[in-house]
Amino acid sequence: MASDRHITTDTRSMMWVMATLAIAMSLQLTRMPAWLLLIAIAPFMWRIAAELNRWQPMPATWRFSALGVALLVLVLSFGNVFGRSAAVSLLTVMLAMKLLETYRIRDARVVVSFSLFLCATQFLFGQGVLMPLYGAAVVATALIALAHLHRREAFGARRPVPALGRSIYAELGFSLRILALALPAAVALFLLFPRWSSPLWGVPESSLDARTGLSDTMEPGSIQQLFIDDSPAFRVNFRGPIPRQEELYWRGPVLWDYNGRQWETSFWSRNIEARQRPSPGNAEYRYTVQLEPNERKWLFALDYPTVVPNDTRLTMDYQLLRKTSVTQLLRYEIASDPDFVDSPQLSEVLRNSALQIPQGLNSRTQELVSGWRRMIDEDMALAERVLRHFNEEQFHYTLEAPLLGLNAVDDFLFRTRAGYCEHYASAFTVMMRMAGIPARVVTGYQGGWYNEFGNYLLVRQSDAHAWSEIWLEGGGWTRVDPTAAVSPLRVQQGSLGALSEPRHMLDFGWLRELRNGFDVLQRSWNDWVIDFGAAEQSQLFAPLGLRRIDAKGLMAVLFGVIAVLSLLLMPLILRTQGPMRRSPLQGVWLRFLRRLGRVGVASRPSMGARTVACEASARLPDQADEIQRIARLYNDFRYSPSPPGFRDLKQAIKHFKPRKPAKTRTWT
Amino acid sequence: MVSVATASSQRFSPGRRFDRWLLERIRRRRGVTDLPRTFEYRHIFVLPTLFGVGFGVVLAMTVTGGLNFNNNMALLMAFTLVSISLMTMFLAYRNQVGISVIGIAADPVFAGERAIFQVLMRNQESRSRYAVCVKWSTAASHAAAGSGDCRDFSPEETLKLRLEQIARRRGYMTMEPLVVENRFPLGLFKAWSVIIPNVQCLVYPPPAPNAPPLPRTGRGDHGAAHKGEGEHFHALREYRPGDPLKRVAWRASARHQKLYSREMETPREEACEFNWYLTGGTSSEEKLSILTAWVLRAEHHQIPYSLEMPTVALPPGLGQEHRDACLKILALYEG
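Residue numbers (my numbering), protein chains in the order written: chain A, 614 to 1281; chain B, 685 to 1019.
Since the hints were derived computationally from the structure, they do not count as laboratory data. Worth double-checking, as some hints may not be accurate.
Chain A residues, not near chain B, derived (Cβ > 10 Å throughout) [stated by the list, open to error]: (1) Glu664; (2) Ser690; (3) Thr940; (4) Ser1255.
Each pair of labels, with its calculated beta carbon distance range [what the hints assert, rightly or not]: (5) Ala1176/A to Asn752/B: 26 to 34 Å; (6) Pro1234/A to Ile800/B: 45 to 53 Å; (7) Glu1005/B to Ala1215/A: 32 to 40 Å; (8) Asn882/B to Leu1203/A: 31 to 39 Å; (9) Leu1012/A to Asn752/B: 35 to 43 Å; (10) Gly738/B to Gly1158/A: 38 to 46 Å.
No residue lacks a Cβ here, since even glycine has one placed at the ideal position from N, Cα and C.
Just chain B, with the same shape it has in the complex (with noise of 0.2 Å):
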């Protein structure tokens, strides 16, 4: 849980490091967050920005020339737009103050994809906010992507923001923490949340890219073909009265001297089975890996298909949530 270190976040960053020291601190005293979470001043922080640091230190400048040569004028100037950036600092903490975060959920992807959490934030009061952005916290591990999602909220609006998540691994990926943060009006001061979210993402194993062919050995509850009717050839066999006449092959009665008719059939549902034991993988992970390939397969040629592992097995189906619960088994498997 804690962030891969890694040669560039090795790098001296004051930023980084506090951000990782907050969230540690957050996460010990509080635990993960729960959701639905309405800001409150407790759960608020303002700092100066970067930007905010470097405007002080301009107006700091003009202040001290100002009452070196005693100019009235620019101190009155720079006095107003000290007052102005301290009240921005209100200004963002009263555009975070009464956000709630409702929920947040993903829907599952295969591994090496980016997951999609999507953060349902909702306006609790009566006044528009500006520029609310959700973002991974700086102390969130690689696999936190994306520069994050940002909206205006009218009145009482709810909204979708989105953050992306690159699922690495197979099986339950948990959200990194995130923060949701604006730097109204100004971008002198930022204020932010820590969320830490018991959320989690279902990663099916990634599709082989080359599996073998599907194993079409059906049998079972399908049956077999009826025969005569249909439009597939089967057989020849002897002609028997009532054979309808277009049924007779020609060609082949002049051959043999004797009528022949030909025997059509419908063919029987195909159906696919997926035997843990008859993929041809060498290890678990290629195994888990060609079965994926196969149900996406198999769903893409709405050919029905069972599946069978070492520990559970599922009978032949097909749709969405037959998929679904064989990629869900796959992506769980532990062997």
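Okay, chain A solo, but in the shape it has when bound (with noise of 0.2 Å):
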């Protein structure tokens, strides 16, 4: 059965093998560190040039030892190989590896079966709106791989396999054409075989190492690395009033504990549950968020969440926590109360978190809020005076901000004055804290883009912002955003139009309008393909009054379509042509003979058309002028060089009705 076990590969069909490998691997190789990289793409390189030049197999020692490097070089670069980038690192560099010992059918379709498996694996890592272009590559280029690989198995080793097509594009359509047929089947697979509604086995959290977005940290630059990249954080529907630019603050994380340099969460904020809910029928807002997966556990939404979705909880300081890791597309719905009072009281314990900070650091500082105290007694005044401080001397909001040393505050306000949102909260807080003012820092998003044609707001991790909140008495926790009094552009337009510097070398601003425009076609593939699960399913049929759909019942479904698209394809498939059918001229006399045969004169396919009708003018003497005149117009269409008309024969057949000839004849 294995009859592929002892056949060599030939130069053709490696080829093939080869890019199939190449383009599924192409995306991984953009995450894998630079020496990992090079290990990759040299196997290639290798085996390419020992096919052009027909060189030996490579010895097994060589290729041991090679391997072993490329181990070693994996594991050092990723400290473990228990990461899902780093296993599916593991598997292109296995697998590009392998190319040096693939000299059989059966070497070349592993490698085949596996750049298959890797290409799904990416999946795990994007689905964008794109990602099916890369998709059909990798499965058009294996098949044409399959296709070479399954002619070398047959015509054997010996004999030069015949080319399959005239050239690469008859090739490239041979793979298309199957695509095309398998697709109405796969579109009914993968919209009725049943999903699973929790999954058998979690992603553990330790494989997660692709985080994207905000983390529970915050030091000086965190949040300024955000900002240059351009990938979507959320999007969000509003169903009812669109609240102000201004007022489009999305918590995050909220930062209590600061250690002189780093902000981090603090152990009450991520273990105690919010004890006072608003209403949800207070909310003003109501809208859905659809997060991309950025495997952390925060949801985003705009002060105060009266809904909390599932598998989450509202912590003490009002952020959404989700059980497990955001790892797909999450859809919830939201409604918000932006009136709501965050802690009227507040506790001794969350006091003295909120007013702790390092001693002995940033004297100056101290001394400059000593100052403002004496004079101001109320806190919200203080507040402003610190605002105003920001906003009358010599800021700068900028992306290039210089390093600040071991007293940052006091550097960031007395001598470099320019930086980026977390300074500014940062500093706020701090001197907040230093007044006796409780304060902690708010990080999430702020603003975001509105599409008008797809009608959704757009987030963008470049939204990424970071605030602070003040703790005042009768009024709870209240929001003050520093950085809107150094630059207020940057709450009114949006993060990218309160700098005047380019983010990076391709910021232009018609491509920002692309990339805007683009969203929503992937927005769309969200909706529609990405988002779809088990829920959906069930409601698949609702339009059609079937409330909900179990996996039996999609089953059923399934194979009903399968059954259905089958009868339709099979004649397509089975059909069986019968020979000699192919011209309009060769149905014609098919005609006459039928009708010849109809009279039993019998003609064989060998008979010319002169010998059909010598034998049936001798057999029906009485017609034999008009079958000699079917013979001739037959035979001058098919090879005169200047062919009568195909109507005179067409009539001439037509109008031919043979009669039986009497039965006294003794020919039977």
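Assemble the dimeric complex from its two separately framed chains, guided by the hints.
Put into structure tokens, the structure is as follows:
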């Protein structure tokens, strides 16, 4: 059965196998460290050179040494091989190395099969609207490679394999035709194959290594890093009123603990749930968020969420924390009440936590704040004094913030005076705490770009922002955005409007416009394809009045659809054409022969027109003239350099009605 | 007819066991295949190949992962591949249906050589067929040799494909069961049809490698030589008036004081007589081998030969037809 065991590959099929693997691993290469990248590409180079120069296969010792080096580099660059990125890199490198020993059809087929698997793993990293192109390219190349390997296997090693098509286009056409034929059944399987409502095994936290977006710590530069990232963070669909741009503060991690350099989330906020929830009846804004997978646990919402999505809790500082990381597109409904008062009473523990600052640092700032405190009694007024300081002195809102020393706040306030939102939020919060006002840093996103065409708000990673909250007697936690004091444009027009300098080399206005327009496509793709799951599947037939459909029902429908598709395709696939039925000329001639056959004049395929005519004339002497004429017309039409009209022949045959000869004749 | 069990075939091999079971079943129910045979749906089996099964396992892995993580892109790709794979099952069938095996023939060979069976096949339809192969059934005996033959068929094309079978013994050798198979387009499924041919190849006895020289005992029809003319020296005789001067043997005449002239002759046609009882061989197979070798040698030297067997005799003759007739008698001799 396994007749491919001993047949070796040829250059042509090997090139297609390598093309399949190259396309499949192209995306993973962008996620691999440079050294590993070289190691993954080197086997291709060697193999191509070996094919072109007819080198001998590499000795086994060399191959194993190369593999050893590759694994070593892999472990050194990733630390372990259990992370997702590391595991897929391992698969990539192993497949590339496999090229060194792929000389038999069977090995080549293993490479192609696992290239397809590798392609599937790439969708764990992203399922953007352009990914189908990547998938289609891999599948199409793999089909061609498999077709070549099949021919090599069939024709064996001895005989040169006849070309499959005249050119590469014919080969591509061949695989696209198979793809097109298979697509209806594939769509039916996709829609109707029962999905699992909960996974059999989860994604281990430790395997997630491609985190994007905000983290649970903040230090100078951490948000600035996000600013050059234009990928979407989430999209929001408002039902009802849309808040003004200045109100769009999307709450993320709330940071309490400061060590002089870094802000961190607090133990309390992670573990205590909100005691009071805003009532959903008061919610002013109702909206749906489609969160891109970021492998973190925060769900983003406007202040203050009145509804808590499934598997999520509302912490005491009103963060939405999910039980597990968001590893795939997540859609949740939410409503917000901006007028809710957060913590009218502040417990002693939390107050202390919100006042804590590292001792012995930033003495100049302490002096400045103490001065103001002596003059100003009211907390809000003091906060406004600080904001005025930011506004009136020469502070700059810029991406190019100089490095800060040990006394970071002192450095920032008196020396550098330039920074990004996290610098301002951090400095402001520290100053508030110095003045004895409970304060904390809130990170999240601010603003968003309203897509008129798709009617939704798109929030990108570059919209990441940090602001402060201070606790006021009677007013509870109150939002203060020091960045707005320095650069009001940041809040009014979004992060891009506030900066005069371009973020990177390809930062053009028109390109941004294009990307914003393109996002509509991405969103529809998310809505219709990526977001499809068990819940959507059970509602599939809701428009037909079928409220819920279970796995059994789905299977029944699936088999029904496959059966119908098969019935439609069957004639196309299984139709057998008789020979000699290709031209209209042959069509009418066969009709003539059939008519003759009916009166007992048999003809064989080996008989030419003239022979048939002679035999028929002999048996039907009454119609000999007519028969001879038809045969002459047929021959003329077929062979004469100036053929007569086809119509004459057609008419002649149409009017030809053979009459059975009299029974008295003895030729039967 | 059932394959010879040897050490290597007794190893557990499900594919081979299945093929053997299938072959026996077909043989019982349908007997030998009548040629020409045009393949219809009831003649064609389709099953996944080993690679097809492996590919299915990879796809199952992908689908399971996709379902677990509800990764729709991975599912979309895996399902596309699933339906492509299933599609190729029909394509393999379609590539086979409507192919005809018109006839099979083999030229006679000597025992120990490989008989080449020519399988005449025709694509009956006006579409191309790709990589259609003839192979020995894996249930065939070990005489079945070589890896088979494979061709692309243009519309309505007729082609000859070759299969080799080792001829071990003289006589009529029956062709082993064969399959017409294709794995178009990707090698995931194979569609095959079994043919149990009722075709024989005539196997001549093996020519003896060191046969005794040809028995040149000419007689009968080819008559005596003509004396007087010719180029070969025959004898000396006394000079008679009228003998040409160049025939006078001057040296002999000088010695004997008498005129002699050389008598010349045209050699009469030699003929060999191959007789069963006069070969010098001990066993009958050895005798047959010697006779075969003589026939070939006589044919090579263009010496007419006759054959006399205990049961039948052929008059002297020369040429392909005579040779084949003699060899056929030797091949089929039973004694």
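To see whether the hints hold, each was checked on the structure:
1. Glu664: holds (21 Å)
2. Ser690: holds (25 Å)
3. Thr940: With a cut-off of 10 Å, Thr940/A comes too close to chain B, as the shortest Cβ separation is near 7 Å.
4. Ser1255: holds (28 Å)
5. Ala1176/A to Asn752/B: 26 to 34 Å: Once the Cβ atoms are compared, 28 Å apart, the range 26 to 34 Å for Asn752/B and Ala1176/A holds.
6. Pro1234/A to Ile800/B: 45 to 53 Å: holds (52 Å)
7. Glu1005/B to Ala1215/A: 32 to 40 Å: Once the Cβ atoms are compared, 37 Å apart, the range 32 to 40 Å for Ala1215/A and Glu1005/B holds.
8. Asn882/B to Leu1203/A: 31 to 39 Å: Since Asn882/B and Leu1203/A have Cβ atoms about 34 Å apart, the given range 31 to 39 Å holds.
9. Leu1012/A to Asn752/B: 35 to 43 Å: holds (41 Å)
10. Gly738/B to Gly1158/A: 38 to 46 Å: holds (44 Å)
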